[in-house]
Each structure stands twice: as C-alpha cells, then as structure tokens.
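Sequences are here, hints too, so could you generate the full structure?
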Amino acid sequence: MPKSRPAYPAAFREQLVELVRAGRTPEELSREFEPTAQTIHNWVAQSERDRGTRTDGPTSAEQVELRQLRREVRQLKLEREILSKAAAWFARETGTIPKLSNEDSGS
Numbered sequence: 020m021p022k023s024r025p026a027y028p029a030a031f032r033e034q035l036v037e038l039v040r041a042g043r044t045p046e047e048l049s050r051e052f053e054p055t056a057q058t059i060h061n062w063v064a065q066s067e068r069d070r071g072t073r074t075d076g077p078t079s080a081e082q083v084e085l086r087q088l089r090r091e092v093r094q095l096k097l098e099r100e101i102l103s104k105a106a107a108w109f110a111r112e113t114g115t116i117p118k119l120s121n122e123d124s125g126s
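So for the sequence shown, our numbering puts the first residue at 20; every next one is plus one.
If you are wondering where the hints come from, they were derived from the structure by calculation, not from laboratory data.
Note that beta-carbon positions come from the ideal geometry of N, C-alpha and C, so glycine has one too.
Computed spacing ranges between beta-carbons, pair by pair:
no.: 1; residue 1: Glu51; residue 2: Lys96; range: 42 to 48 Å
no.: 2; residue 1: Ala29; residue 2: Gly76; range: 17 to 23 Å
no.: 3; residue 1: Glu37; residue 2: Leu95; range: 37 to 43 Å
no.: 4; residue 1: Thr44; residue 2: Gln87; range: 33 to 39 Å
no.: 5; residue 1: Arg89; residue 2: Gly42; range: 34 to 40 Å
no.: 6; residue 1: Asn61; residue 2: Ala107; range: 45 to 51 Å
no.: 7; residue 1: Ala105; residue 2: Val83; range: 31 to 37 Å
no.: 8; residue 1: Ala30; residue 2: Arg111; range: 54 to 60 Å
This is the structure we're talking about:
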C-alpha cells in the first residue's frame, strides 16, 4: 500500500502548473521538485478543466459538490436504516404496525 503524505500546498501546485505552461516539462520539474511527472500532468489537466479548456472530467468545484452529495446520501441512508429499525422495534413492542405517512394524508 502506498504511503500517504500531506497534500502539496495549492500555491506550490499552481506554480508548477504555470511552469509547465511556460514551457517546462513535467519530467524536468519532477527531477527538480518532489512530485512525480504524472502528478504534475494531473495538476495541469485539472487546471485546464477548471479553466474550461478541457471537458474530460469534473471541475474542482464539481468534485467538491460530488463529495458533499455523497456524504449527504450516506448520512440519509444511515438515518433511514435507523428509522426502519426503530419502526420495527416499535411494532414488535406494541404489537401494532404503524401507518405509513402517505396513508395518513388520505392518499
């Protein structure tokens, strides 16, 4: 399993992306600085997506939104599971089956 390390600062990533745009190759920069050439290629591609010059993946803002939505879905599934178990427990304890909310509204 690869070792994890703290993320590179945004300013550092931006500087390397600008150096690539100025004509330096990711391979050169990887020899001079720590990140691998592939990492630098990835940063350049993501920067181009964020600027709108590439459309082959989500922008950084879209990635943040996806993470947030996935977190919310995970939380909602957990809450639904807890409520389902609580309803089943209540039904066993009282010997009754509670009505569904849409049955209460007369639908």
